[in-house]
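Colleague: One line per chain: the protein sequences are B and Z, in this order. Residues in the first sequence are numbered from 1 upward in steps of one, following the working numbering. Residues in the second sequence are numbered from 1 upward in steps of one, following the working numbering.
Some hints could be false.
The list treats identical chains as interchangeable, and a pair is accepted whether it falls inside one copy or across any two copies.
Unchecked claim - Straight-line Cα separation of at most 25 Å, DSS-like style, residue types lysine-lysine; simulated pairs: (1) Lys294 to Lys264; (2) Lys277 to Lys260; (3) Lys308 to Lys222; (4) Lys251 to Lys294; (5) Lys169 to Lys264; (6) Lys308 to Lys263; (7) Lys23 to Lys309; (8) Lys131 to Lys66; (9) Lys131 to Lys263; (10) Lys22 to Lys251; (11) Lys22 to Lys264.
Bear in mind the hints are in silico, worked out from the structure with no lab data behind them.
Protein chains: 2
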Amino acid sequence: MKAKELFGEIRNDLVLVEKELKKIANLPEEKLLSETSGHLLNAGGKRLRPAFALLAGKTFQYDLEKLLPLAVALELIHMATLVHDDVVDASVTRRGIPTVKAKWGNQVSVYTGDFIFGQSLIQIARCNNKKIAEILADVSVKMSEGEIVQLRTTFDPKQSLRDYLFRIKRKTALLISASCELGALAAGAPENFVRALRWYGYYLGMAFQITDDILDLIAEEKELGKPVGSDLRQGVVTLPVIFALQKSPRKEWLAEVVGKPDKKEGEVLEAIDEIKKCGAIEYSFGVSQRYLIKAKQRLEILPESNAKKSLALIADFINIRTY
Amino acid sequence: MKAKELFGEIRNDLVLVEKELKKIANLPEEKLLSETSGHLLNAGGKRLRPAFALLAGKTFQYDLEKLLPLAVALELIHMATLVHDDVVDASVTRRGIPTVKAKWGNQVSVYTGDFIFGQSLIQIARCNNKKIAEILADVSVKMSEGEIVQLRTTFDPKQSLRDYLFRIKRKTALLISASCELGALAAGAPENFVRALRWYGYYLGMAFQITDDILDLIAEEKELGKPVGSDLRQGVVTLPVIFALQKSPRKEWLAEVVGKPDKKEGEVLEAIDEIKKCGAIEYSFGVSQRYLIKAKQRLEILPESNAKKSLALIADFINIRTY
Chain B
1 MKAKELFGEI
11 RNDLVLVEKE
21 LKKIANLPEE
31 KLLSETSGHL
41 LNAGGKRLRP
51 AFALLAGKTF
61 QYDLEKLLPL
71 AVALELIHMA
81 TLVHDDVVDA
91 SVTRRGIPTV
101 KAKWGNQVSV
111 YTGDFIFGQS
121 LIQIARCNNK
131 KIAEILADVS
141 VKMSEGEIVQ
151 LRTTFDPKQS
161 LRDYLFRIKR
171 KTALLISASC
181 ELGALAAGAP
191 ENFVRALRWY
201 GYYLGMAFQI
211 TDDILDLIAE
221 EKELGKPVGS
231 DLRQGVVTLP
241 VIFALQKSPR
251 KEWLAEVVGK
261 PDKKEGEVLE
271 AIDEIKKCGA
281 IEYSFGVSQR
291 YLIKAKQRLE
301 ILPESNAKKS
311 LALIADFINI
321 RTY
Chain Z
1 MKAKELFGEI
11 RNDLVLVEKE
21 LKKIANLPEE
31 KLLSETSGHL
41 LNAGGKRLRP
51 AFALLAGKTF
61 QYDLEKLLPL
71 AVALELIHMA
81 TLVHDDVVDA
91 SVTRRGIPTV
101 KAKWGNQVSV
111 YTGDFIFGQS
121 LIQIARCNNK
131 KIAEILADVS
141 VKMSEGEIVQ
151 LRTTFDPKQS
161 LRDYLFRIKR
171 KTALLISASC
181 ELGALAAGAP
191 ENFVRALRWY
201 GYYLGMAFQI
211 TDDILDLIAE
221 EKELGKPVGS
231 DLRQGVVTLP
241 VIFALQKSPR
251 KEWLAEVVGK
261 PDKKEGEVLE
271 AIDEIKKCGA
281 IEYSFGVSQR
291 YLIKAKQRLE
301 ILPESNAKKS
311 LALIADFINI
321 RTY
């Protein structure tokens with residue numbers, strides 16, 4: 001089963017989301033800004049957040065006119081955070097595919113992100129729904145909190161499971177949760193369905209990020225589009241690493257490597273090996289799996305529909321994807 | 001006459017704005033974020049945008065409950081742009097008082113800005129007014145456009161008056177214009193009053209930025225809080241410079257200095273001298289003055305009130321302030 005088949009139900013509407021994103025990238029009269037926005041918005045991507053909003057809407061009465069600005073806003077918020085993630089300090093280097101920062105510099109990344117975020121606000125205003133505006137404002141605030149915590153804890157091996165869950169909730173789960181919740185809300189679903197989809201999105205988002213963090217250690221470079229162990233190199237301490245720092249027979253050595261901003265290539269590969277050997281990957285998949293079970297349980301109260309089936313399949317798919 | 005006397009009419013309400021800003025800085029559980037936000041939000045400042053919104057509201061039926069979240073949102077948007085302005089690329093150096101960037105680095109500046117901007121969205125959602133959300137979304141987009149244009153044209157001596165006006169409109173005038181317009185709108189003023197205040201704010205904002213750009217060349221370092229000629233050093237080409245690049249007998253030499261990223265201290269001072277000698281300051285004051293006259297004309301249709309008098313006095317004050 002391929003990822004895109006999960007979204008068969010809403011394929012045509014995702015094409016409309018794509019069109020809107022292209023339009024926005026073409027808006028700026030300023031050439032530099034339309035280049036940077038185009039670079040971001042035309043680069044494709046899974047459009048996961050719009051897909052969740054649309055599917056959540058389809059579990060109830062689907063009104064594309066109401067859902068489209070929401071779906072576009074969600075993707076724009078996500079894209080804006082991606083481009084702000086590109087901003088670096090002089091001491092930090094980045095590898096992998098060219099980012100806006102790599103091509104144009106920090107300042108351009110900041111304002112391109114601000115521009116795209118501003119465009120999301122235009123879409124949110126279009127929704128004309130106080131609750132949508134409130135929830136997305138709250139998520140935006142919490143996402144930036146998560147980013148600051150991630151910065152503060154970079155290269156810090158003394159992190160607990162709780163610290164990690166706090167971070168990925170803000171970094172990933174809250175926006176996916178809001179996508180599901182607001183898709184249902186915009187479709188006029190009753191409060192208990194809206195709540196169920198909010199929780200589904202939250203659990204699924206947590207599992208999604210945990211799986212991402214696992215794949216960063218075990219996937220092939222060509223699948224990831226970046227070198228294996230990027231998080232480790234950049235000092236982002238993820239779930240498998242936290243487990244290994246507690247359980248590995250070489251935990252002292254591992255803590256030293258994790259805390260080192262300039263790791264040797266050999267050290268990175270050896271650390272990944274240690275992390276794998278102590279069972280951290282299996283443990284992390286287990287944590288992710290438990291979130292996915294909870295996610296699917298939340299769907300139970302929803303009436304039967306193809307959209308509901310797709311949402312359940314997505315939960316099955318998260319843990320077996322290889323990219 | 002002192003600046004703060006202009007705001008006598010709304011002094012008590014500005015205290016409430018201040019309180020709300022302090023509250024927001026104290027919100028984050030994350031210590032680093034409450035430090036950076038506090039550094040910004042507790043640093044004082046003229047609170048010009050809240051003041052305009054409150055005064056504009058007072059020209060009609062004043063309802064502080066409706067105006068307060070708007071006033072707070074306006075200041076937060078302004079503060080967020082200030083902290084994003086702190087993000088620099090490795091090649092650029094900054095002088096003057098410590099900024100968030102200087103103390104904490106680029107990445108912290110980005111996310112602190114995002115956090116504060118997110119807080120403005122919470123306030124905007126509280127306003128529960130589609131028009132307010134739309135206008136502020138539009139202004140946010142245009143402000144980031146202006147910033148990108150400013151980046152692209154840094155150190156470029158081949159800029160026209162039109163380029164300059166395009167930039168300062170986005171950088172400064174639109175948010176001040178929105179402050180006046182939305183203050184009136186939130187107070188339920190009729191469409192023609194709202195429009196009058198929008199234009200008043202626009203013209204006043206243009207004059208405000210032009211005066212700022214003049215003061216950067218002629219004020220004392222201790223009044224500015226930064227070295228004289230900061231814009232020139234950083235490559236921001238302002239109105240007096242554009243005039244001098246056309247009229248100075250040494251315009252070729254001046255163009256060379258303006259275009260040079262690494263200017264010697266002596267060159268900067270000599271360039272300022274040339275700019276002053278060719279009448280660029282008088283010319284720029286003249287342009288500003290014409291905007292201020294237009295601003296005051298727009299007030300004419302408003303019913304008499306103390307708030308209206310204050311707005312007119314502010315227009316008189318812009319050109320004679322010394323900081």
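Colleague: Does each hint hold? Answer for all of them.
Modeller: Taking the hints in turn, this is what the structure says about them:
1. Lys294 to Lys264: Neither: 40 Å inside a chain and 65 Å across chains, both beyond 25 Å.
2. Lys277 to Lys260: within (21 Å within a copy, 56 Å between copies)
3. Lys308 to Lys222: Neither way: Lys308 and Lys222 sit 33 Å apart in one copy and 65 Å across, limit 25 Å.
4. Lys251 to Lys294: neither (32 Å within a copy, 71 Å between copies)
5. Lys169 to Lys264: neither (31 Å within a copy, 50 Å between copies)
6. Lys308 to Lys263: neither (46 Å within a copy, 64 Å between copies)
7. Lys23 to Lys309: Neither, since 32 Å and 45 Å both go past 25 Å.
8. Lys131 to Lys66: both (14 Å within a copy, 18 Å between copies)
9. Lys131 to Lys263: neither (46 Å within a copy, 52 Å between copies)
10. Lys22 to Lys251: neither (48 Å within a copy, 43 Å between copies)
11. Lys22 to Lys264: For Lys22 and Lys264, neither the intra-copy (41 Å) nor the inter-copy (45 Å) Cα distance is at most 25 Å.
When held up to the earlier numbered hints, the structure conflicts with 1, 3, 4, 5, 6, 7, 9, 10, 11 and fits the remainder.
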